[in-house]
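Since the structure of chain A is provided, determine the placement of chain B on it from the hints.
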Amino acid sequence: MKGEVKKLFYLTERNIKLYFKDKMTFFVSLITPLILLVLFITFLKTTYENTILEIIGDLPLESKLLNAFTGGWLFSSVLSVSCITVAFCSGIMVIDKINRANIDFLVSPIKKSTLQLSYVIANLFSTIIVCLILFAIGLIYLGFVGFYLTFVDIILILVNIFLTSLSGTLFANIIWSFTNSQGVVSGVCTLVSAMYGFVCGAYVPINTMGNTMQTIIGFLPGTYSTILFRQNFLNGVLNQMRKTLPDELVSGIASGFDCTFSMFNKNVSTLAMFLLMVGFVFLVFIILMLISTLKQKRLKHKVKN
Amino acid sequence: MENIIEIKNLKKYFGNVKAVDDISFSVKTGQLFAFLGLNGAGKSTTINILVGVLKKDDGECVINGNPIDQIQKILPDIGIVFQSSILDKKLTVYTNLKYRALMYGLTKTEFSERLKYFCEKLELNDILKKPLEKLSGGQKRKVDIVRALIHKPKILILDEPTTGLDPKTRKLVWSLITELRKNENLTVLLTTHYMEEASIADYVVIIDHGKVATCGTPIYLKNKYANDYLRIYKYNNKIINLLSKSNMDFSKYKKYLEIKFKNTKCAMDFIVNNKNLIEDFEVIKGSMDDVFLAVTGKELKENI
Chain A
1 MKGEVKKLFY
11 LTERNIKLYF
21 KDKMTFFVSL
31 ITPLILLVLF
41 ITFLKTTYEN
51 TILEIIGDLP
61 LESKLLNAFT
71 GGWLFSSVLS
81 VSCITVAFCS
91 GIMVIDKINR
101 ANIDFLVSPI
111 KKSTLQLSYV
121 IANLFSTIIV
131 CLILFAIGLI
141 YLGFVGFYLT
151 FVDIILILVN
161 IFLTSLSGTL
171 FANIIWSFTN
181 SQGVVSGVCT
191 LVSAMYGFVC
201 GAYVPINTMG
211 NTMQTIIGFL
221 PGTYSTILFR
231 QNFLNGVLNQ
241 MRKTLPDELV
251 SGIASGFDCT
261 FSMFNKNVST
271 LAMFLLMVGF
281 VFLVFIILML
291 ISTLKQKRLK
301 HKVKN
Chain B
1001 MENIIEIKNL
1011 KKYFGNVKAV
1021 DDISFSVKTG
1031 QLFAFLGLNG
1041 AGKSTTINIL
1051 VGVLKKDDGE
1061 CVINGNPIDQ
1071 IQKILPDIGI
1081 VFQSSILDKK
1091 LTVYTNLKYR
1101 ALMYGLTKTE
1111 FSERLKYFCE
1121 KLELNDILKK
1131 PLEKLSGGQK
1141 RKVDIVRALI
1151 HKPKILILDE
1161 PTTGLDPKTR
1171 KLVWSLITEL
1181 RKNENLTVLL
1191 TTHYMEEASI
1201 ADYVVIIDHG
1211 KVATCGTPIY
1221 LKNKYANDYL
1231 RIYKYNNKII
1241 NLLSKSNMDF
1251 SKYKKYLEIK
1261 FKNTKCAMDF
1271 IVNNKNLIED
1281 FEVIKGSMDD
1291 VFLAVTGKEL
1301 KENI
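These protein sequences, in sequence, are chains A and B.
Counting in the numbering used here, the first sequence runs from 1 upward without gaps.
Counting in the numbering used here, the second sequence runs from 1001 upward without gaps.
Just chain A, same shape as in the assembly (with noise of 0.2 Å):
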């Protein structure tokens, strides 16, 4: 056992030099989530304080209040974005296999699981790198127009790039199990990078979407993570609001921006939230252990030299 945590350990540390190695992946898995925030802040930043100010009327609100809570709103998604779609460009497993080094760990002794782990823990920690660099960009942005984050909120942001970029990841790695091709990397990486924003709720507010959507939306865990990102984030802010506008109006404000979500007319508690999102973790990652010991089993059969 003691072997096989070794073997794990150097494992992952092989595939994380691999990815950084690659300058070109890395600097295209940053350059994406930042040229998304330019747009962001460049075309609708403007909207959503345009609704902000519509949805309190002749109140007074002050600007670092507005500024605090479009940038954090942007920050939550696109950091919601990124957690999924850098997990699903950054991933070593497919690049082994088109370089065959799958096959020379086909001949070490290395347990398939020990491989596996080591693919996602790599994957996950390139992911949450990545993460943390547009964490700390969103950090000093919002030190520049409006910090209302507590020390509570930062450490829950913390958790909740770590369990979206693993649930991410750990889709990925399945997704990964079941091609050698670069260019079906490239395909699910620009589909993903192009849908996966307005399925989670991370461009457009859930609530300016139809019933229909939203309720498929509901049953997405995506979803969910968006919606936590966007409380860990505008909390601070809608409490500083409190102080100066009627509570019925921040509530509005708090809905209308997702920071709040209902289902079948029930609202969903951070706790049933986080919780959610644990349990999809879970669940992707027993079907990943099941999809490579099968895998496995097919590849001796099916691998031609």
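The reader is advised that the hints may include incorrect statements.
Said to hold, decoys possible - Residues of chain B placed beyond 12 Å of chain A at every Cβ, according to the derived structure: (1) Leu1075; (2) Arg1114; (3) Asp1144; (4) Tyr1203; (5) Asp1208; (6) Leu1243; (7) Tyr1253; (8) Tyr1256.
Stated by the list, open to error - Listed next, the in silico DSS-like pairs over lysine-lysine satisfying Cα-Cα at most 25 Å (straight line): (9) B:Lys1090 / A:Lys17; (10) A:Lys21 / B:Lys1130; (11) A:Lys97 / B:Lys1134; (12) A:Lys111 / B:Lys1154; (13) B:Lys1154 / A:Lys6; (14) A:Lys21 / B:Lys1089; (15) B:Lys1116 / B:Lys1089; (16) A:Lys111 / B:Lys1108; (17) A:Lys23 / B:Lys1130; (18) A:Lys111 / B:Lys1073; (19) A:Lys112 / B:Lys1108; (20) B:Lys1108 / A:Lys21; (21) B:Lys1129 / A:Lys21; (22) B:Lys1090 / A:Lys23; (23) B:Lys1134 / A:Lys17; (24) B:Lys1129 / A:Lys23; (25) B:Lys1275 / B:Lys1262; (26) A:Lys111 / B:Lys1089; (27) B:Lys1089 / B:Lys1055; (28) A:Lys112 / B:Lys1121; (29) B:Lys1298 / B:Lys1018; (30) B:Lys1089 / A:Lys23; (31) B:Lys1285 / B:Lys1254; (32) B:Lys1055 / A:Lys111; (33) A:Lys6 / B:Lys1116; (34) A:Lys97 / B:Lys1055; (35) B:Lys1089 / B:Lys1121; (36) B:Lys1130 / A:Lys17; (37) B:Lys1254 / A:Lys17; (38) B:Lys1154 / B:Lys1130; (39) B:Lys1073 / A:Lys295; (40) A:Lys17 / B:Lys1129.
The set of hints was computed from the structure by calculation and includes no laboratory data.
C-beta atoms are modelled at their ideal positions from N, C-alpha and C, and glycine is treated no differently.
Using the frame of chain A, we list chain B on its own:
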């Protein structure tokens, strides 16, 4: 010597293609065992079954006393060099070898000692810090061979290991293998296109269309399947007339006559009977090329 690899009635089909079709052979501990065959004959498929990359359809494979189904027990004893490098191109030679060694449970000290030994033998010091993608084909091959040997395996499997290597590197590689065979009793199983490599093997199996066409020591195979050649360096017209009258198969070259004989005994008889006509001569055994051609009806060189 006991058998370290035993294969009985091994079969592997890919749909209608019988890649390996009921082959049996065994390899003794410490032996240099050569697998000869054209591309697609089934050599690499057999090797891939031995290392657990492919699963056999039928038959028995036992390596070092363990059936192939218990591949995790077998793998620490095997080092393999595939036809093309499968190491990480972005990582340096040192990093590649370090991670592979650690997978076999070597400590960092053991790895350093082993690496030092190979660096001396294969002149690797200058390339240790270079990424694999920056190396020449020959340098990559040397690294592949070190990767296969880094954990002190009992069996080294070489799938056409010296293809594309310059003569100097090939000599270095074979010198290392010979030393390891002597010092560590390393068993070597190789597939090769080079006849000189097959000729130095202790035992040769020729495989054709997934079946064992023939097997034996190089001398046995040459005696059985190849002709002998008598080269006469100082000759006159008398011997040419004799050869012409006797309808013997001979060729006339600038410096010598070459006469083809069925075997060494026929050549010896000819020399004894015509010793007055022959001053300077040599008898050359048929090559493994001749053996291969006689057994399979195909030229091995054409397929390289």
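Structure versus earlier hints - violations, ascending order: 1, 3, 27, 28, 37 and 38
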